[in-house]
Amino acid sequence: MRGIYYFAVMTLYSLFRRRTVWGVAILTALALAGIASIPAYGLSGGGRFTVDTGLTSIEIGSLVLAIALASGIFPRDRETRIAFPILAAPLSRTQYLLGRYMGTALVQTGFIAVWGAGLVAIIALKGYPMPSDMAGALLLLGVEGCFLLAVVFFFSFWTSPPLNAPLTILLFILSQMSVRDFTGLMPGAEGLMRILRLLLPHMDSFHIKDPVAHGFDVSPVYILLAALYGLAYTAFMLSLARSVLLSRDLR
Amino acid sequence: MTKTWFVFILAAAAAASVSCARKADFDIAEIAPAEHLGEADIHGHSGEEAHGHDHGAAGETETGMHIHPAGSRNHGTQWFFNQPWAAPFVWGKMLRDTLVLAALSVTLAVSSSRRRSRRR
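Those protein sequences? They're chains A and B, same order as listed. For the first sequence, position 42 (counting from the first letter as 1) is numbered 42 according to the working numbering, and the numbering increases by one without interruption. For the second sequence, position 90 (counting from the first letter as 1) is numbered 90 according to the working numbering, and the numbering increases by one without interruption.
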């Protein structure tokens, strides 16, 4: 456990030295600043627009950040041959994976928390009513971010970084689709498409921005259930990633 | 390696047979009970269709448009209420998937560790 902790801290420091991470963070902050600068034009629903677009910006920022953070870690470790001495003695492959994952997940959730605080500050400064389930919406965005990170890690062990990004984005898009829309992509093979949809995650479970923006209460039981669902899927993706890493010949 | 993939193929086949039962997945539009669909079901048309008929409780304006009470379920707000947070009847399926995923994670972790130790 101590090995994972130290390696996660090392990963954290190394990620903060990368320009890509700061680039994504600044772009998302700029998007939030853009949302803050849009006037309400005296309309009563201005707060809804700010909450809705703000949470959407955070979600897209989280997807891009996950790809920027994790897609290049293992390929770079392998290319620079850092992975070989680490895996040869001090760390097992499982500790390597979990250490790298924990470090990137800390950065990912940290940025989502900062963006969320920025959105809350914008709502407060503009004098809009604060949605009661804002914390729940941000929590589920954090869980979704951790899940996306696990997906990127899984792809990074058997694809190159340029292929990792489109695969993750494709999974992100397909996982938002309803069963009806998904089977509609190939109406001739409905059974096969149903099986595929059953295997894909239901990422719409993490979305409560619509009720939050429109002032509907979301049950705390649902928020807990959706968070558990996301964590279980994250654990499954990490298990898959670990299985791929253990079976790889790194020589 | 082969054994693990065999287990996964078996699991996929099991998932396939369950999925053939059609209602295994949680598409709210497919599995929603009539009371969840509310007014949308009574109308029996989608939001894109023309509105040239009487809507009963919905108020008609001079231009022929009709207005529903704010926050109510109707054909225009179906997309809003057909989301998991508003459909408690799919929460059980979410819990089922959570448990299945947790069990699969543990199985995969144990099987890949065993395979690795056997290879050494």
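It is worth saying that the hints were derived from the structure and are not from the lab. Small disclaimer: the values here were computed from a predicted structure and weren't measured. The C-beta atom is built at its ideal place from N, Cα and C for all residues, glycine as well. Among the hints, a few may not be true.
Simulated DEER-style distance windows between Cβ atoms [to be verified]: (1) B:S113 / A:T56: 37 to 43 Å; (2) A:R81 / B:V100: 38 to 44 Å; (3) A:Y41 / B:T107: 52 to 58 Å; (4) A:A89 / B:F80: 40 to 46 Å.
Facing chain B, a subset of chain A residues (Cβ under 7 Å, in silico) [said to hold, decoys possible]: (5) M134; (6) A235; (7) S239; (8) S243; (9) L246.
We went through each hint and held it up to the structure:
Restraint check, B:S113 to A:T56: a C-beta distance of roughly 40 Å satisfies the suggested window 37 to 43 Å. The hinted window of 38 to 44 Å between A:R81 and B:V100 holds, with their beta carbons roughly 39 Å apart. Take A:Y41 and B:T107: their Cβ atoms lie about 56 Å apart, and the range 52 to 58 Å holds. Distance hint check: the CB atoms of A:A89 and B:F80 are about 56 Å apart, inconsistent with the given range 40 to 46 Å.
Interface restraint check for A:M134: the shortest CB-CB distance to chain B comes to about 14 Å, outside 7 Å, so the restraint is violated. Checking A:A235 against chain B: minimum C-beta separation of about 4 Å stays under 7 Å; hint holds. Interface hint at A:S239: satisfied, since its Cβ lies 4 Å from the closest Cβ of chain B, which is below the 7 Å cut-off. Checking A:S243 against chain B by beta carbon gives a least distance of about 4 Å; that is within 7 Å, so the hint holds.
With a least beta-carbon distance of about 5 Å to chain B, the hint placing A:L246 at the interface is held under the 7 Å criterion.
Consistency note: the structure conflicts with the earlier hints numbered 4 and 5.
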